[in-house]
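J.: Using full-length UniProt numbering, the first residue of the sequence shown is number 1, and each one after it goes up by one.
Honestly, I wouldn't trust all of these hints.
Here are the in silico distance ranges between beta carbons for each label pair [what the hints assert, rightly or not]:
#	residue 1	residue 2	range
1	Ser4	Arg94	43 to 51 Å
2	Phe228	Val31	15 to 23 Å
3	Val210	Pro130	23 to 31 Å
4	Val31	Gln2	23 to 31 Å
5	Ala218	Val252	31 to 39 Å
6	Gly134	Pro188	39 to 47 Å
7	Val31	Phe96	53 to 61 Å
8	Gly99	Pro36	53 to 61 Å
9	Gly16	Asp184	44 to 52 Å
Distance condition first, Cα-Cα at most 25 Å in a straight line; then the derived DMTMM-like pairs of lysine to aspartate or glutamate [what the hints assert, rightly or not]:
#	residue 1	residue 2
10	Lys70	Asp207
11	Lys129	Glu221
12	Lys70	Glu57
13	Lys70	Glu221
14	Lys70	Glu59
I should point out that these hints are in silico values taken from the structure, not numbers from a laboratory. None of these values were measured; they are calculated from a predicted model. In this text, a Cβ means the ideal position worked out from N, Cα and C, and glycines have one as well.
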Amino acid sequence: MQLSRSARIALRIAAGLGFAVIYVPLALVLVNSFNPDRSASWPPPGWTVHWWSVAWENEGARNAVWVSVKAGLGATAVALVLGTLIAFAVARHRFFGRGTVSFVVVLPIALPGIVTGIALNSAFSTVLKPLGVGLGLFTVVVGHATFCIVVVFNNVVARLRRTSGSYEEAAMDLGAHTFRAFVDVTFPMVRSALFAGGLLAFALSFDEIVVTTFTAGAGVETLPIWIFNNMTRPQQAPVVNVVAAVLVLLSVIPIYLAQRLSSDTATESRI
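With these hints in hand, go ahead and build the complete structure from the sequences.
T.: Structure follows, in C-alpha coordinates:
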(Lines of atoms letter the chains of each structure in order from A; the text may use other names.)
(Lines give C-alpha, C1' and ligand atoms only; values in the text may rest on other atoms or scores of the structure.)
Protein backbone atom coordinates (compact mmCIF):
# COMPACT_ATOMS: atom_id res chain seq x y z
CA MET A 1 0.00 0.00 0.00
CA GLN A 2 1.37 3.38 -1.04
CA LEU A 3 0.86 6.28 1.37
CA SER A 4 1.07 9.95 0.50
CA ARG A 5 3.89 12.05 1.90
CA SER A 6 1.55 13.84 4.31
CA ALA A 7 0.17 10.51 5.56
CA ARG A 8 3.67 9.17 6.19
CA ILE A 9 4.60 12.33 8.11
CA ALA A 10 1.42 12.10 10.19
CA LEU A 11 2.11 8.46 11.02
CA ARG A 12 5.69 9.23 12.03
CA ILE A 13 4.55 12.07 14.29
CA ALA A 14 1.89 9.84 15.87
CA ALA A 15 4.43 7.05 16.39
CA GLY A 16 6.92 9.51 17.90
CA LEU A 17 4.31 10.83 20.33
CA GLY A 18 3.35 7.31 21.31
CA PHE A 19 6.94 6.32 22.00
CA ALA A 20 7.48 9.57 23.91
CA VAL A 21 4.54 8.83 26.22
CA ILE A 22 6.00 5.40 26.96
CA TYR A 23 9.72 6.06 27.19
CA VAL A 24 10.14 9.66 28.41
CA PRO A 25 8.84 8.79 31.92
CA LEU A 26 11.24 5.83 32.03
CA ALA A 27 14.10 8.10 31.01
CA LEU A 28 13.15 10.56 33.77
CA VAL A 29 13.35 7.76 36.35
CA LEU A 30 16.84 6.90 35.12
CA VAL A 31 17.93 10.57 35.21
CA ASN A 32 16.50 11.11 38.70
CA SER A 33 18.48 8.14 40.01
CA PHE A 34 21.60 10.35 39.50
CA ASN A 35 19.95 13.47 40.96
CA PRO A 36 21.72 14.65 44.15
CA ASP A 37 18.53 16.36 45.38
CA ARG A 38 16.25 14.21 47.54
CA SER A 39 13.17 15.99 46.18
CA ALA A 40 14.06 15.13 42.55
CA SER A 41 14.08 18.78 41.48
CA TRP A 42 14.17 19.53 37.77
CA PRO A 43 16.49 20.17 36.11
CA PRO A 44 18.94 18.24 38.31
CA PRO A 45 21.39 20.57 40.11
CA GLY A 46 24.15 18.05 39.47
CA TRP A 47 24.98 14.39 39.09
CA THR A 48 25.90 11.77 41.67
CA VAL A 49 26.12 8.01 42.08
CA HIS A 50 25.68 8.30 45.85
CA TRP A 51 22.12 6.96 45.78
CA TRP A 52 23.26 3.91 43.84
CA SER A 53 25.62 2.93 46.66
CA VAL A 54 22.89 3.65 49.23
CA ALA A 55 20.45 1.45 47.30
CA TRP A 56 23.03 -1.34 47.09
CA GLU A 57 23.43 -1.27 50.87
CA ASN A 58 19.67 -1.21 51.51
CA GLU A 59 18.84 -4.57 53.08
CA GLY A 60 15.11 -4.24 52.41
CA ALA A 61 15.68 -3.73 48.68
CA ARG A 62 18.13 -6.65 48.48
CA ASN A 63 15.71 -8.98 50.28
CA ALA A 64 12.87 -7.85 48.01
CA VAL A 65 14.97 -8.61 44.91
CA TRP A 66 15.72 -12.09 46.18
CA VAL A 67 12.05 -12.76 46.95
CA SER A 68 11.08 -11.58 43.45
CA VAL A 69 13.73 -13.82 41.88
CA LYS A 70 12.50 -16.88 43.82
CA ALA A 71 8.87 -16.15 42.97
CA GLY A 72 9.74 -15.57 39.31
CA LEU A 73 11.76 -18.78 39.01
CA GLY A 74 9.05 -20.81 40.75
CA ALA A 75 6.25 -19.39 38.61
CA THR A 76 8.30 -19.85 35.44
CA ALA A 77 9.04 -23.49 36.27
CA VAL A 78 5.35 -24.22 36.85
CA ALA A 79 4.38 -22.33 33.69
CA LEU A 80 6.94 -24.18 31.55
CA VAL A 81 5.67 -27.58 32.65
CA LEU A 82 1.92 -26.93 32.55
CA GLY A 83 1.98 -24.54 29.59
CA THR A 84 3.99 -26.97 27.47
CA LEU A 85 1.81 -29.96 28.35
CA ILE A 86 -1.38 -28.06 27.50
CA ALA A 87 0.16 -26.74 24.27
CA PHE A 88 1.04 -30.26 23.13
CA ALA A 89 -2.44 -31.51 24.01
CA VAL A 90 -4.13 -28.70 22.06
CA ALA A 91 -1.78 -28.71 19.04
CA ARG A 92 -1.17 -32.43 18.60
CA HIS A 93 -4.51 -34.00 19.56
CA ARG A 94 -8.17 -33.68 18.61
CA PHE A 95 -10.65 -34.00 21.48
CA PHE A 96 -13.99 -32.63 22.60
CA GLY A 97 -13.65 -29.20 24.24
CA ARG A 98 -10.24 -28.38 22.78
CA GLY A 99 -11.29 -24.80 21.99
CA THR A 100 -12.67 -24.40 25.51
CA VAL A 101 -9.38 -25.55 27.00
CA SER A 102 -7.49 -22.96 24.95
CA PHE A 103 -9.91 -20.24 26.05
CA VAL A 104 -9.68 -21.19 29.73
CA VAL A 105 -5.86 -21.21 29.61
CA VAL A 106 -5.62 -17.76 27.97
CA LEU A 107 -8.39 -16.13 30.05
CA PRO A 108 -6.33 -15.29 33.20
CA ILE A 109 -4.08 -12.85 31.36
CA ALA A 110 -7.12 -11.01 30.00
CA LEU A 111 -8.80 -10.65 33.40
CA PRO A 112 -8.06 -7.54 35.50
CA GLY A 113 -5.31 -8.30 37.98
CA ILE A 114 -7.41 -7.19 40.91
CA VAL A 115 -10.12 -9.72 39.99
CA THR A 116 -7.57 -12.53 39.81
CA GLY A 117 -6.01 -11.39 43.08
CA ILE A 118 -9.30 -11.28 44.97
CA ALA A 119 -10.36 -14.67 43.58
CA LEU A 120 -7.05 -16.29 44.54
CA ASN A 121 -7.06 -14.70 47.99
CA SER A 122 -10.55 -16.05 48.61
CA ALA A 123 -9.61 -19.49 47.30
CA PHE A 124 -6.44 -19.69 49.41
CA SER A 125 -8.30 -18.56 52.53
CA THR A 126 -11.02 -21.14 51.95
CA VAL A 127 -8.88 -24.12 50.91
CA LEU A 128 -5.36 -23.68 52.29
CA LYS A 129 -5.95 -21.84 55.55
CA PRO A 130 -7.88 -24.73 57.18
CA LEU A 131 -4.94 -26.97 56.23
CA GLY A 132 -2.51 -24.69 58.05
CA VAL A 133 -1.01 -23.14 54.91
CA GLY A 134 -1.08 -19.35 55.03
CA LEU A 135 -0.31 -16.71 52.47
CA GLY A 136 3.38 -16.60 51.57
CA LEU A 137 5.89 -17.33 48.83
CA PHE A 138 4.06 -20.51 47.78
CA THR A 139 0.79 -18.68 47.18
CA VAL A 140 2.65 -15.94 45.29
CA VAL A 141 4.17 -18.56 42.98
CA VAL A 142 0.76 -20.14 42.38
CA GLY A 143 -0.80 -16.74 41.73
CA HIS A 144 1.90 -15.72 39.26
CA ALA A 145 1.77 -19.09 37.51
CA THR A 146 -1.89 -18.51 36.57
CA PHE A 147 -0.90 -15.84 34.04
CA CYS A 148 2.65 -17.00 33.30
CA ILE A 149 1.24 -20.24 31.85
CA VAL A 150 -0.42 -18.17 29.13
CA VAL A 151 2.79 -16.82 27.58
CA VAL A 152 4.45 -20.24 27.59
CA PHE A 153 1.33 -21.83 26.11
CA ASN A 154 1.04 -19.20 23.37
CA ASN A 155 4.71 -19.51 22.37
CA VAL A 156 4.78 -23.31 22.32
CA VAL A 157 1.40 -23.85 20.65
CA ALA A 158 2.29 -21.33 17.92
CA ARG A 159 5.53 -23.19 17.26
CA LEU A 160 3.83 -26.58 17.20
CA ARG A 161 1.16 -25.35 14.78
CA ARG A 162 3.93 -24.30 12.38
CA THR A 163 5.65 -27.68 12.73
CA SER A 164 4.24 -30.83 11.20
CA GLY A 165 3.71 -33.81 13.47
CA SER A 166 5.11 -36.03 10.73
CA TYR A 167 8.61 -35.47 12.13
CA GLU A 168 7.78 -37.32 15.34
CA GLU A 169 5.89 -39.98 13.38
CA ALA A 170 8.90 -40.52 11.12
CA ALA A 171 11.18 -40.89 14.14
CA MET A 172 8.86 -43.49 15.69
CA ASP A 173 8.59 -45.34 12.37
CA LEU A 174 12.39 -45.63 12.46
CA GLY A 175 12.23 -47.29 15.87
CA ALA A 176 12.39 -44.40 18.35
CA HIS A 177 10.05 -44.67 21.31
CA THR A 178 7.92 -41.66 22.33
CA PHE A 179 10.41 -40.19 24.80
CA ARG A 180 13.32 -40.64 22.39
CA ALA A 181 11.38 -38.97 19.59
CA PHE A 182 10.60 -36.05 21.87
CA VAL A 183 14.22 -35.58 22.97
CA ASP A 184 15.79 -35.97 19.53
CA VAL A 185 13.13 -34.38 17.30
CA THR A 186 10.39 -32.43 19.07
CA PHE A 187 12.36 -30.68 21.79
CA PRO A 188 14.97 -29.14 19.44
CA MET A 189 12.12 -27.71 17.35
CA VAL A 190 10.35 -26.06 20.31
CA ARG A 191 13.43 -25.21 22.39
CA SER A 192 13.63 -21.57 21.33
CA ALA A 193 9.88 -21.11 21.90
CA LEU A 194 10.21 -22.60 25.38
CA PHE A 195 13.12 -20.30 26.22
CA ALA A 196 11.30 -17.24 24.91
CA GLY A 197 8.15 -18.16 26.84
CA GLY A 198 10.17 -18.75 29.99
CA LEU A 199 11.88 -15.37 29.73
CA LEU A 200 8.57 -13.58 29.22
CA ALA A 201 6.99 -15.51 32.11
CA PHE A 202 9.85 -14.54 34.44
CA ALA A 203 9.62 -10.90 33.38
CA LEU A 204 5.85 -10.85 34.02
CA SER A 205 6.26 -12.46 37.43
CA PHE A 206 9.14 -10.21 38.45
CA ASP A 207 7.13 -7.03 37.70
CA GLU A 208 3.76 -8.18 39.05
CA ILE A 209 2.25 -6.18 41.93
CA VAL A 210 -1.57 -6.42 41.89
CA VAL A 211 -1.92 -10.20 42.20
CA THR A 212 1.07 -10.26 44.56
CA THR A 213 -0.64 -7.82 46.92
CA PHE A 214 -3.53 -10.26 47.44
CA THR A 215 -1.45 -13.45 47.63
CA ALA A 216 1.78 -12.49 49.43
CA GLY A 217 0.56 -12.02 52.99
CA ALA A 218 2.33 -9.92 55.59
CA GLY A 219 5.71 -11.66 55.57
CA VAL A 220 6.53 -11.59 51.84
CA GLU A 221 7.64 -8.41 50.06
CA THR A 222 8.61 -8.56 46.40
CA LEU A 223 10.53 -5.76 44.72
CA PRO A 224 7.49 -4.07 43.10
CA ILE A 225 5.71 -4.07 46.49
CA TRP A 226 8.83 -2.67 48.16
CA ILE A 227 8.94 0.16 45.60
CA PHE A 228 5.23 0.88 46.08
CA ASN A 229 5.58 0.96 49.88
CA ASN A 230 8.61 3.25 49.83
CA MET A 231 7.86 5.65 46.99
CA THR A 232 5.82 7.98 49.27
CA ARG A 233 8.57 8.19 51.91
CA PRO A 234 10.65 11.36 51.28
CA GLN A 235 13.84 9.85 52.66
CA GLN A 236 13.53 6.82 50.40
CA ALA A 237 12.60 8.60 47.15
CA PRO A 238 16.14 8.66 45.66
CA VAL A 239 16.68 5.00 46.54
CA VAL A 240 13.34 4.10 44.95
CA ASN A 241 14.42 5.90 41.76
CA VAL A 242 17.61 3.83 41.65
CA VAL A 243 15.78 0.55 42.25
CA ALA A 244 13.17 1.46 39.64
CA ALA A 245 15.92 2.33 37.14
CA VAL A 246 17.63 -1.01 37.75
CA LEU A 247 14.30 -2.79 37.37
CA VAL A 248 13.69 -1.07 34.01
CA LEU A 249 17.17 -1.93 32.74
CA LEU A 250 16.91 -5.55 33.87
CA SER A 251 13.47 -5.95 32.31
CA VAL A 252 14.90 -5.02 28.92
CA ILE A 253 17.14 -8.11 28.86
CA PRO A 254 14.52 -10.92 28.96
CA ILE A 255 12.15 -9.00 26.69
CA TYR A 256 14.90 -8.41 24.11
CA LEU A 257 16.07 -12.03 24.24
CA ALA A 258 12.50 -13.32 23.98
CA GLN A 259 11.87 -11.06 20.97
CA ARG A 260 15.03 -12.25 19.23
CA LEU A 261 14.21 -15.88 19.94
CA SER A 262 10.64 -15.45 18.69
CA SER A 263 11.99 -13.86 15.49
CA ASP A 264 14.45 -16.71 15.01
CA THR A 265 11.67 -19.24 15.55
CA ALA A 266 9.48 -17.56 12.94
CA THR A 267 12.38 -17.50 10.48
CA GLU A 268 13.12 -21.19 11.03
CA SER A 269 9.49 -22.12 10.38
CA ARG A 270 9.62 -20.48 6.95
CA ILE A 271 12.74 -22.34 5.84
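J.: A separate judgement is required for each hint: does it hold in the structure or not?
T.: Status of the hints after comparison with the structure:
| no. | hint | result |
| --- | --- | --- |
| 1 | Ser4 - Arg94: 43 to 51 Å | 49 Å, holds |
| 2 | Phe228 - Val31: 15 to 23 Å | 21 Å, holds |
| 3 | Val210 - Pro130: 23 to 31 Å | 26 Å, holds |
| 4 | Val31 - Gln2: 23 to 31 Å | 41 Å, violated |
| 5 | Ala218 - Val252: 31 to 39 Å | 32 Å, holds |
| 6 | Gly134 - Pro188: 39 to 47 Å | 43 Å, holds |
| 7 | Val31 - Phe96: 53 to 61 Å | 57 Å, holds |
| 8 | Gly99 - Pro36: 53 to 61 Å | 58 Å, holds |
| 9 | Gly16 - Asp184: 44 to 52 Å | 49 Å, holds |
| 10 | Lys70 - Asp207 | 13 Å, holds |
| 11 | Lys129 - Glu221 | 20 Å, holds |
| 12 | Lys70 - Glu57 | 20 Å, holds |
| 13 | Lys70 - Glu221 | 12 Å, holds |
| 14 | Lys70 - Glu59 | 17 Å, holds |
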